[in-house]
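Colleague: Each chain, letter by letter, is given below.
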Amino acid sequence: MRMNSILNRASRNFLWQHPWQLVLAIVGIALGVAVVIAIDLAMESSLKSFNQAGKAFSGSATHRIVAGDGGLDERLYTRLRVEQGIANLSPVVSGTVKLMQPQQETFSLIGIDPFIEKSLHSGWQNEQKEKFPRELLNRLMTEPNSVLLSEKTAQRLHLQVNGQLKVVTERGPQSLTIIGLLPGNNAISDQVLARLLITDIATAQEVLGAYGGLSSIEVMIDKDTPEALAAIQKVLPGYAMLVSIDSQADSMREMTDAFSINLKALGLLSLLVGMFLIYNTMTFLVMQRRRLIGTLRLLGVTRQQVFKLIIGEAFLLAIVGTIVGIALGIVLGQGLLYLISGTINALYFRIDAASLMVTPLQIAKGVALGIGATLLAVLPPAFEATRLSAVKVLARSQLESGSRRLIKTVGSMSFVLILGGLSLAYFSGNSINFGLASVFLVLFGFGLLTPVVTLAFMNLIERVFGRFLGILGRLPARMVAAEISRTGLAIAALMIAVSATIGMDLMIGSFRQTVAQWLHSSLPADLYVSLSGEKMTAGKAQSDHRLKDKLAGLNGVEMLSTALHTKVSVNGKLTKISVYELNDKFRQGFIFKHQVNDDVWMRFDNERTVMITEPYAYHHGVKPGQQVFLKTDQGELAFDVIAIYGDYNGDQGHLAMSRQNYQRYWPDLGYSGIGVYAKAGADLKQLENRVGELLTAHQAVKSNQDIYKASMEVFEQTFTITETLRWLSAAIAFVGVFSALMALQFERTRQLGILRAIGITSMQLTVLIVSETGLMGLVAGLLAVPVGFLVAYILIFVVYQRSFGWTMAFYSDSGVLYQGVALAFIAALFAGVFPALKMAQTKPAEALRTE
Amino acid sequence: MKTKILLTVLSIALPTALWLQPFKWPSDIKLKPDKRFSSTLAKKDDSFHAVLSKDETGFARALKPQKFTFPNDHGPHNAYRSEWWYFTGNLKNQQGRRFGYELTFFRFALKAESPESKSAWRNNQLYMAHLTLTDVEKSRFYTDERISRAGNGLAGASNKKYQVWLHDWSAKTEGETDFPLRLQAKSRDYAIDLLLTSKKGYVLQGDEGLSRKSAEPGNASYYYSYPRLTTEGTVSVAGNSFAVSGASWMDREWSTSALSDEQSGWDWFALQLSDNTELMYYQLRRKDGQADSNSSGSFVPADNKKIPLQARDVTIKILDNWKSPHSKITYPSRWHVSVPAQNLELEVVPLLNDQELNVSYRYWEGAVIVSGSKNGKAISGQGYVELAGYK
Amino acid sequence: MTKETAISIQQLSKSYQESGQQHAIFSNLEMQVARGEFIVLLGRSGSGKSTFLNLISGIDPPDSGKVLINGTDITGLSEHKRTLFRRHHIGFVFQSFNLIPTLTVAENLLLPLELIKRVTRQDHQHVGQLLEKLNLADRLNTYPDRLSGGEQQRIAIARALIHDPDVILADEPTGNLDLDTAEQVLELLDILVRKAGKTMIMATHSPEVIGKADRVFSVRNKALHAHEFDS
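Taken in sequence, the protein lines are chains U, G and L. Residues in the first sequence are numbered from 1 upward in steps of one, following our numbering. Residues in the second sequence are numbered from 1001 upward in steps of one, following our numbering. Residues in the third sequence are numbered from 2001 upward in steps of one, following our numbering.
Certain hints may be false.
Said to hold, decoys possible - Only pairs whose alpha carbons sit at most 16 Å apart, straight line, appear in this in silico EDC-like list of lysine to aspartate or glutamate: (1) K1092(G) - D1135(G); (2) K843(U) - E2079(L); (3) K1186(G) - E83(U); (4) K1118(G) - E143(U); (5) K223(U) - D1189(G); (6) K2133(L) - E2187(L); (7) K685(U) - D706(U); (8) K1305(G) - D1207(G); (9) K843(U) - D2060(L); (10) K1160(G) - D1178(G); (11) K1111(G) - E143(U); (12) K1111(G) - E135(U).
These are computed hints drawn from the structure, not numbers from a lab. These numbers were taken from a predicted model, which means no experiment stands behind them.
Bound-form chain U, shown alone:
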């Protein structure tokens, strides 16, 4: 025991004497853990806050009756309550209002019936019993335009009870009276309530103009009364669906699955680089102590003890690194949360004000990851340490010749990995996980190949430039090659990070090009009038038709096209559907993904048919010639799928249907947008102004250019998170290279001291070291280009197509390649500067003393 404690001290003192290495090792573990944890936290929190928000509203509801954008007929509720005698239902009318203040903040206005069964009361109503006497609920019901809002929000907006809140809705500006404040008594309810106005259902209908409609009905069904489910199903009209709250949450999760897997892959990439950092540090620590370990062995310390010593040390580092990593991950998660919820908002569904939620499970995952990865990374150096014989303290050179052999073996192994990765990509079928695994295999394979390539490259450099450079000039390449076991790994890490960057850059670039082309072809009209807003607003359909007639009558308008975006139940799932009234120009904008017959448009307009987008076809395995079942007011009807067309608007996929078809089976909801085609030679600016005059506050006219720009902005926003994560892993790679170089220079202190004694100036020494690291960066960069290409290729044709169902064309961009090489080179150069300066400043007398 006593022996062990002295043993531990002997080794620990060494750690304290090398604080830089200690710090870098911890940073390595911490960064790897942090990124993985941050992504996990942010992703889970986004989804959870969505569910929590639902919970806070639906109380203990188990099911929900939902409908397409047109909402539910309020008489359905009466039918369920009065005729069917179904209890525990809660009607909801919701919509968004904008505050009439400079920022135009958006709030959700939620209209409820305060007098339903207590079990379905919202969270705030249940918790705040004393603070919400019936009196207040009575006022909510009897006073028009009365609302409740959270205390925090009231404070923020400087509002008081009985104060007025000015908002703008579809129906123009309105004034709401605050009759009470909702005290958020915990973080969740604060979050949920932050952008919410609670009101009576009558007020909600009046303010939103949603007369006669409900947004949804929350349902609580006891497990022991399943007949209520059947009773509800029986009276539901075609446009409505009964979904269980759980299954809704599940489908949300499913929807974002591909997105989250992709993010997690990026997190794992960071961890991979982080593991390199750990490995590097531990190897360094073992190498540095060869003498110490040799001495210990001589004194009779067993191999097991040495092994335990190394592992124990790594374990301590892992614990510290993991704790720091988790803390950092939470901070990082806070930042990512904003980006991730932004993307989820843009791509999938609306999340209001998500807040980071940390659960013990996620912490445990982080701990397992940090400690597991560290121990894994320390195994090779630990084994190496125990191999050291008691008497002979291995000379570096012998070690290096050993590692050269190893590198050759590893090099041939890398081919196996790369080939395995490629064939996995080829045979991975529909699995995103396999697709990503193939990317990892390829990256890892090339990572292993890196040392071999590096040796060859250094040889080449010396052959080509050696004679001009002189002995000093040959030194950098020699140093890289001589310590290939260390430099090779640093280069591999940098190469992996940079090639991932290049790959993703190329992929995003290709995607951008593809989307841009698609947008160009799918925006044939000159002007677009958007009639977005609450489709539940009474009389919307009629006013939309009036507007369309007026537009058609405008001077300079050649023709119109219309679109309505809504949802219907397709094969039992509520699915987005676009209803089109097309003209020839618009028809040309459809990019079919296969050969179509000439009669496709005729059938589209006149038969019971739909067209499906590429992602829909992919996710649901539907092909032209098959049928899908749509729930109509006349029951479930089969529609023929006649074509698959390209569409990059969301990854869940949707259907397209002709307006004639739609109107036969569903109620008129007006339009979401009207495309205006100008006559040849018409003044577009003038036409835009004239169209603008016909519109109300919630309608807008935009040129196709504006829409194009706005769409591309959404595209860029969607990739912000990917971009950020990519740079994060590049940053970790940078730290890795930095730490490797620090270790490397430290190991050669004496060698550098001799050089100084011979008469090499500190300036020359700096140049020497920076050249060495620059060379390393250059190899990494050059190797990263082909690997990046390969990664982009797999990402585009395997992973993204599998994840999202989008096909895209490969666009290579030489700028990206130059940038990649430059990135690797400059990063390595930068990483070399500090160790170089440090070495140059070391007094040669001191350098000579170390061994």
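Once you've looked at the hints, dock chains G and L against the given chain U.
Modeller: Below, chains G and L alone, put in the same frame as chain U:
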């Protein structure tokens, strides 16, 4: 290049800045307990009463007797603040198993004026209904409550024919005439489906239907009763259905204000005697514990010619008390009622002590049996007693 | 003492810091070394022999005092100037790990030359001849890690002389060698240095050297003590 490096730096710096923002630990996350709707143990909430005894402006008041016309007066009187349709009855099946039931619809106008609106939900009339069932054999008392606004067809009452409903609970005529009247209501564990036929017609209580509750003018209600409605139908409880028959009592009352400040509540007796006569009497209690002089009632002989009763005509002696295990309130639980002018001496005993309704508004309303003598001859009977305002 | 003075040490003091305390290594050292003289420094490990050599070479600056080499006061020079001075005028032989492991034997020998001038064909030939003299001609393109300790030290000596410096400083050059090899190396040093007429200071604790030295000093109590021999 520079911007990308800057981005990298920012991506680290930005989250660090966000560190200042609070984040949540698991302990902050409070999941809502699953509050299953309990039909009998819902928490009592006095605030209803408090709300209704305040602002009275804009409401009509019961000042003088009015002529009633039917079916119009079976319908709602929205100008008055509160109103009820009260059905109670004692039932038996063929084997003699006894049940008591209460089905009451209350209407409360939360405000006198209702603004014009295109929304079907904009409505100030709030309906509340109570359904109770007393299963004497099993000594079980079931209660349930429904509340809904009148809008969107969810609850209401009709002036055209007898019809009052709240969700799927209803009392309505199925033909052209007001009677027979069908009562339908179900809760989770029990239900009633009864047909009520008028045997004796209605009785206008108080002064031609104006029932004064205190000396103050306007503290009165319009009040009529159907004291004996032959009842047949089904009672379901705990999965079993029972074909039952018996007699029900219906009270209709509407008012804007009833009790004065010094009154605390009332004890109401509606007794159907075996000689085809009925006794209705409500004793108003004052906060000082004394019986209020405005207490009144009526005796309905077999020929339906009502004999009004004043406070001085009736003496009620409390013979026993019962303390509710739910609310810890002590209620009287056995009475001696004597009406000397009718030579009537009755002992009134609840079929079950625990017939306390712990719903939004707490009161005791229970089936009772009656035994005693009239003119020296033994007489029996059944009925309902309501004890309101006990604390 | 009419010979030209190669090294002149005046009032040289050096101390080091340890746990906040100043420990003097030398104070007010005085020494004059004539051109071509061979000085041996004896002393126990840690007595300051290496430090003394580092002070002379300018690798370590003194706290006070002067070191003149061929009349140049190197203590007055900047670090950079001192390094450049060292290139030209001083050759080093250390106890071990003398050679740059990433350079071949030839490259190790050529490096000092490259630092002071353009390396020419003659220089390459010179290196070849030198190695032949050392019986290491076949090791021209070998990396140092393939050589034995004695071979390495022989190359190190050759490197110290290759650029024709005025002063050779040797820090226990035989410290890591067995007796026979040490003998060979010392022999070599003696021959090469003496023959070339170089001034040499060697720190050692092997007494065999003493016989070859012109003067012997020992480092004791922060000062140099000259040994007098009975001739």
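Colleague: Okay, which hints does this one fail, numbers in order?
Modeller: none
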